[in-house]
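**Student:** The residues making up each chain are set out below.
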Amino acid sequence: MNREETIEKLKGIVKPYIKNDEAFQNLTEDTDFIKDLQINSANLVDIILDVEEVFGIEIDNQSMEKMLNIKAALEIIETKTAGK
Amino acid sequence: MIGNDVIDIDLAKTESNWKRKGFLDKIFTFSEQLQIHHAENHELMVWSLWSRKEAAYKIFNRETTIRLYNPLQFECSEMKFSEGIYSGSVTNKGIVYFTKTEITPNSIHTIAVSDKNDFSKIYELKDRSALTKRDGIPETDTKKPVSISHHGRFERIVSL
Chain A
5 MNREETIEKL
15 KGIVKPYIKN
25 DEAFQNLTED
35 TDFIKDLQIN
45 SANLVDIILD
55 VEEVFGIEID
65 NQSMEKMLNI
75 KAALEIIETK
85 TAGK
Chain B
25 MIGNDVIDID
35 LAKTESNWKR
45 KGFLDKIFTF
55 SEQLQIHHAE
65 NHELMVWSLW
75 SRKEAAYKIF
85 NRETTIRLYN
95 PLQFECSEMK
105 FSEGIYSGSV
115 TNKGIVYFTK
125 TEITPNSIHT
135 IAVSDKNDFS
145 KIYELKDRSA
155 LTKRDGIPET
165 DTKKPVSISH
175 HGRFERIVSL
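So the protein sequences, as listed, match chains A and B.
Each residue of the first sequence is one higher than the one before, counting from 5 in the working numbering.
Each residue of the second sequence is one higher than the one before, counting from 25 in the working numbering.
Derived pair list, reagent style SDA-like, types lysine to any residue, alpha-carbon separation capped at 25 Å:
| no. | chain 1 | residue 1 | chain 2 | residue 2 |
| --- | --- | --- | --- | --- |
| 1 | A | K39 | B | E179 |
| 2 | B | K145 | B | E179 |
| 3 | A | K39 | B | D34 |
Covered stretches of chain A, as calculated for chain B (at least 3 residues, CB under 8 Å):
| no. | stretch |
| --- | --- |
| 4 | 36-49 |
| 5 | 58-72 |
The hints are simulated quantities; they were obtained by calculation from the structure and are not laboratory data.
The structure presented is a predicted model; accordingly, all values stated were derived computationally and were not measured.
Ideal placement from N, C-alpha and C gives every residue a C-beta, glycine not left out.
Can you build the whole structure from these sequences, using the hints too?
**Tutor:** Quick look at the structure:
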């Protein structure tokens with residue numbers, strides 16, 4: 005899976021939780037889940053659980069700590085799926 | 025320093041399914057999950073613990089400027105109930121934050137402080153009109169730190 009495909013899948017996961025449509029439409033790798041998409045911090049857990057299910061990976065606590073923006077999420081997904 | 029977090033319980037019910045498989049394990053330690061298990065109202069305990077972690081994280085973030093998402097690292101003690109308020113603490117890598125939590129049928133509001141003596145100084149503001157910002161942190165005209173939390177129907181603004 006290339007990065008564009010991973011981003012598309014990730015956008016599908018994130019979409020139900022966003023509170024700022026404009027930031028979502030203009031999403032880049034620098035987009036922040038909380039500051040830009042205004043996702044409720046309790047819903048970040050749902051995103052992490054959804055990512056685990058969709059990509060068939062396990063996100064440990066150390067990785068979860070960094071999952072604040074699209075770029076960090078992509079890096080975690082890429083690292084974990086590469087190891088499969 | 026001060027941090028607060030308010031939760032609109034009705035909104036939390038629609039936004040989150042805390043019974044979802046894996047949800048509690050990602051954010052609550054074993055001892056916190058025991059507190060939930062033993063609570064009369066599981067849901068209120070889930071959101072009380074969460075608001076305490078959030079309020080304590082706000083202080084951590086302000087004091088260190090570090091942003092991270094690691095709810096397990098902020099561990100809540102058991103709360104003691106006295107005069108309508110639940111008191112407790114949250115520990116992050118040996119650093120202790122003190123919390124006071126008010127629970128009503130519709131909302132949960134936690135105020136955390138890094139110095140226990142600050143509890144007597146806390147006051148609540150009605151709106152944001154008198155506030156300015158320094159380094160992204162709101163403060164009063166007398167340069168006291170302010171913490172603002174908004175969720176659903178509720179907004180709470182507290183200062184020292």
